[in-house]
Amino acid sequence: MASLFWSALQAVIDGLLTGSLYSLIGMGMALIFGVMRIVNFAHGAFMMLSMYVTYLLFDRLGVTPYLGFLAAAAVLFVIGFATYHGLLRWVNERSEFMIILITLGIAQMFIGGAQLTFSGDFHKVNTPLSGALVHLGSHITLNGGDVLSFVISVALAIGMFLFVMKSRFGRALRAIAQNRYAASLIGINVQRTQAVAFGLGVAAVGLAGGLFLPAFYLYPEVGSGFNLKSFVMVVLGGMGSIEGAAIAGLVLGVVESLTSLYWGNQWAVVVDFVIFLLVLSLRPAGLFGSQRV
Amino acid sequence: MTQRRAILAAVGFALCLLVPLVVQQDYQLNVLFRIALFSALGMAWNLVGGYAGQLSLGHAAFFGIGAYALPLFHDKLGVPIPLALVLVIVAAVAAAYVIGRVSFRLRGPYFALATIAFAEVLRLSVKNLEVTGGDVGLQVPALFGSISPTRWFYLAAVVLAAAALAATAWIVRSRFGYQLQAVREDEDTARACGIDPARTKLNALIISAAFTALGGALYASQYFFIVPDSVLAIDLSERPAISAMLGGAGTMTGPIVGAILIETALELFKNVFHEAFQLIFGVLLVLVVLFLPEGIVGTLASWWRRKRAS
Amino acid sequence: MPRVMRSSWLPHAVLLTTLTGLAATACKGGGSGGGKQEGGNTVRIGVITSLTGPQAAFGKAHKLGYDIAASEINAKGGLLGKQVEVIIYDDQGKPDQAVQGATKLMDQDHVAILLGAYSSETTRAVIPAATQKGVPLIMPTATADNVVETGSSWVFRICAGAKAYAASMADFLKNNGAPKTVAIIYENTNFGQANGKAMEAAAPASGMTVVANEAYQASSPDYKALLQRVKDKDPEAIYYASYLLDATTLMKQTAQLDINPKYLTAAGTGFSAAEFPTEKGAGKFAEYTFSVSQWLPSAKWEGSKQFDDAYFKASGSHPAYHGMQAYAALIVAADAIKNAGSEDHQKIADALRKEHLDTGFGPIAFDAKGQNAHPVLVTQVQNGQFKVVWPPDQAEAKPILPTPSWSERK
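Chains as they are written, first to last, in our numbering: chain X, 524 to 816; chain E, -14 to 295; chain L, 6 to 415.
I should point out that these hints are in silico values taken from the structure, not numbers from a laboratory. For each residue, glycine too, the CB sits at the ideal point set by N, CA and C. One should not assume that every hint holds.
[Stated by the list, open to error] Not close to chain L: a few residues of chain E, all C-beta gaps over 12 Å, as computed: (1) LEU6; (2) ILE66; (3) PRO67; (4) VAL78; (5) VAL83; (6) ARG176; (7) ALA177.
[Stated by the list, open to error] Cut-off 27 Å, straight-line C-alpha distance, at most; resulting in silico cross-link-like pairs (DSSO-like, lysine-lysine): (8) L/LYS359 x L/LYS87; (9) L/LYS81 x L/LYS374; (10) L/LYS68 x E/LYS61; (11) L/LYS138 x L/LYS68; (12) L/LYS168 x E/LYS61; (13) L/LYS168 x L/LYS343.
[Claimed, not checked] Here's a subset of chain E near chain L, in silico, CB distances under 8 Å, partners left out: (14) ASP11; (15) TYR12; (16) ASN113; (17) LEU114; (18) GLY119; (19) TYR208; (20) PHE209; (21) LYS255.
This is chain X alone, in the form it adopts within the complex (with noise of 0.2 Å):
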């Protein structure tokens, strides 16, 4: 009995660990579609991109991605708000559906562009925490890199949360949400914030690739399998909210690990979806949202 007990345990702390890489992905997604109603299909594509970044500080300086996943986010933040400034932002106001047509295209175009310069190959990062471990009492083994993670994890997280709340641009940001006329009316330049919120949220996920790279592996398709899930993510938190969407990525992170442990691990990614469905049909604001869906 006590080791169903520490078994559970032992699961639910693994999934709140991956789940922390999550909710940077989730708050990112937060940002782009819970506050700035954009249907980012390109949302893996960008952390592919972030992953290749802090692969090639690591391989070519010898930088660990434990610090070159800030420079990571910082190179997507540019990417991000050129891509709103010189793309987005004309498609904009126009229905979702060209904003994911659209999106599509460019993460087809990056994932291409990675795939030319890198070509298919795989490539592995090894830090020497890497096959560290760490005991929690008898019961308990948590891999190193994974702590390192989740509290660099929580830190941003709480981090952007504040940023987003307190701070003036962020007040701007729930300004343009609420009513972008009026927003605009009283001097906010719409389109400016929007670039930068935009690439606020690209550079999350930028945080989340680098801190996701030593975890796993690197090709240009890698980033596929987290667009739904950043998706989903927000709905169960609740549209426009930021610490919804992160509760809620450790939620998947939870769930995914348990289901794992009782049904199989083939299973996790379903259940995901299934939850996604059950939240839209029964409960759509979420978690935490307030928003008519």
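Put chains E and L on the given structure of chain X with help from the hints.
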């Protein structure tokens, strides 16, 4: 459809049927088969996406249901082929009902996301379950006799596309068609006029699903063998949507134009650009969204009307 | 969303006519390889592999293997008095593209023989097309067994299949301590499912009971819950079927959970990849794992070392068995064409059926189903190197058993 256009369409149809007399190679017929099939799929999607204005990105679910229903009913349950095809439609209608009931309560992007989720759940479940062959896949019965030359599949696809076009033409002129477009333009006002948006959208989805599933069964049979990723992958949902949009969603022939362009472009690009093909495809897609939002047919039509007016 | 367009028929007609022309151009097989005539001045061999897509790295290995074989053949004077021309089609890892490629190679390029594809799915998809048109198909790397179970008389497989993998590993286990229980962990794809099923079937014959059968979604970051389920069953042996990414993650997490079966075994692929025991893979966590292998550069077959050298010279890294298989496939194809004395498909197929050739990949001969009885080697990672430990006549080292527990290792 005016009489002139109906005659044109009939002539076009007849010409398409005569193509196998000229084109003999299987490879070429294969390309034409895909063009015809994706035209049909694009038009089917267009009913929901173009006319009803509901962006579905989960049509792969219906495609896959058609593809899997055929071997499951025929090989595992011993149902004869004609009946199996009927059951394919029944399965698609049932799925459309379920998916529609849940998804149509959602608006805008949520609807699209929900449809994606349904298709993914289906794909992963098929992959995990023994009864559908898992990822090892299923052999699919041959629809046109054991040899089943490609030209029969091509002809069947042309017939399916013609049927889809005819259905679209009929719907557009009917009251149902006006209800669809009313719902697309402004759902609340439509409801105020006494239209039941949920029911209208659901009916469109059901018709769309039936055509898509038949297309799936045809496709599956042509390749003789299916795995989940070949018939339920998300790019099978994206392709008809992109074709319709490229050609002009909400126009009758838009999806045909779009399908021809996409399939030929893909085929040409692959041979010419090799590894750069994905990048180029992405760039083109971005350019089309930026500069041709009404699709080719839509833009042409606007230009023609403006010219006429001046 | 645009409203319904009451567009006129003229632009429509013009547009559709133009597009039909465009479609016709595409049909002419745009770009390279457009409609060559039979009886030209080269012997054309068609290759389908994955140059882009998730399997691109393996496709590259294939291509290099084919290129090396083709240059060798041409340097020796070619075939039937002509040079050999290899025409490669990229299937992007997709089955329908593979079929498209096969039909193009057969219909337009009039190839004498088809080689490919890379993965089990793409290969399986091509079989009906090759069978219908009566063109021989040599399969270099597909391990799922359904590719030789279709009843087609036109297919020939060079490599050993999943059943052979499992039988070989089970045989090794039986003769080296005979564990009573085995847990099977496999990825939820064609490759994984085929190998998982194969071990499930082979285990009882070697006195093992399958105590856990766990499928996983490939490329997940966390398998610990799955491994916990396996740990709870306390198996004496574990059999993994994974690609390199997951092989690495699984071994690290097996160590993390302190799972210590007597045998850590695997169905090749990821566990046999050159990078697996290195820092680019599982590193020290790969130590002592057993895997099945089709071939290693250190194999004792004649021609093996030469291929390794040629490959290393061309690419800077040593080949895994995929490159070798591609090379062998082309060598066998060339030999069959030579024996048939013509490019006639039926004659080539007959010649293949009677083929007996020693290559760097071992002796090649095809049975009635087209399967080559390729001996499966069992290797163990010892000091970061793959060493063949079974069967005894090919072994270069003794297996290190029992497997030290994780805490015992430094």
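Hints numbered earlier in the text: which of these fail when held up against the supplied structure?
9, 10, 13 and 17
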